[in-house]
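Q: Sequence:
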Amino acid sequence: MRYMHPVYWLALILFLGCAAPTTAAAQECTDLLPEKPGFQPKEISSNRFLTSLAFAYLKTASYRDRNRMKLLGASFPAGDAILGSAFPAVDYDAFQRSLARFDFSPFDDQVAVALSSGDKRIVKAWQDCMATRTGLMMWFTPNIADPKQAVLNLRWAAANPHAPREIELSETLVLKGVTVTQGKHCLQRGNAITRAGCSATLRADSYETGFVAGLNSEDGYVEAYWPPRWRLELESSTYDRSDLVTVDHAFTQDHSGAPGQESLSMRPKVALGGWQFVPSTLNLWSTVRKGKELGTCKPGRAHIDEQGIIQVIYNAENISAKPPQALVCAWYADTRVMRTVDREAAKR
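Going by our numbering, the first residue of the sequence shown is number 17, and it counts up by one from there.
No wet-lab data here; the hints were simulated from the structure.
All values reported here derive from a predicted model rather than from experimental measurement.
Wrong hints could be hidden among the right ones.
As the list claims (entries may be wrong) - BS3-like cross-link-like pairs, simulated, lysine-lysine; straight-line CA separation at most 25 Å: (1) K52 x K136; (2) K86 x K140; (3) K75 x K86; (4) K285 x K306; (5) K338 x K308; (6) K308 x K285; (7) K86 x K164.
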């Protein structure tokens, strides 16, 4: 996708999900689409590559900037596509914490990822732009049903009337971790690439693997990127409130009105799954264990701190009895949890 001075070697770099692409993906053809109307949220959420770009952007973007991303010159409302337009600002930090376990560096080169997304509008705009230049074009077309399979396309563009009508590959493309199941001749040394083009079907060992395919020809060096095929989604669930209860607290006249504070954490096994408490759903209520006639357990206050832990401030009032124990209270928290999950990984 990017033209460089001719070199006499052939490279394929194997990426293990955590590596970032090095291709610049045809710098000449990047601002392809008009800002308006841009991308619609449904277009983004229905394409796993565009969805990954949206999640990658939201990992560091502020709530105010969640819909201000640009892709190929067009507006790209990542926030509305992933979270919906009514997502509360108070929950945004928790959502970003749910992304901490994902390394989005394989999606740093937004243009390269977008060109391999299979989005027809993106591919057509890029091809139309590249057709106005003379040179070798190479790009991946993903298999929507099978994340381990893709088609690698080669095509010669001869906009210059004095340019040759075809280009010959000077080396054979050698692939590691990828099997060519069809069209192997397309990638072989000496094959003539015409304006009609040719293609090869590839199968990777894992959907998590991303590749930069680098090919040398008489025209120069060209690259195409096949990013990891994650299928990210944001999901929500209820949380068992019996795990979010303070220990019994005894109150007497001697310490009436003295507030207490306690931390309520998520079960470790649940937290390992990437779940986060949802602040907008947090509700705190109290119950009397003993001594109701002697006082009242106050409603209490609770919030979720920067580490995602519920902090509860509690107290009692109207205590009339003398020591020993007069009133025993406990506080329960109701809340939902959410996380970002890779559905492709969940299928295994």
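Q: Next step is simple, just say for each hint if it's right about the structure.
A: Cross-check of the supplied hints:
no.: 1; hint: K52 x K136; in the structure: 17 Å, holds
no.: 2; hint: K86 x K140; in the structure: 18 Å, holds
no.: 3; hint: K75 x K86; in the structure: 15 Å, holds
no.: 4; hint: K285 x K306; in the structure: 33 Å, violated
no.: 5; hint: K338 x K308; in the structure: 14 Å, holds
no.: 6; hint: K308 x K285; in the structure: 36 Å, violated
no.: 7; hint: K86 x K164; in the structure: 28 Å, violated
In summary, the numbered hints that this structure violates are 4, 6, 7.
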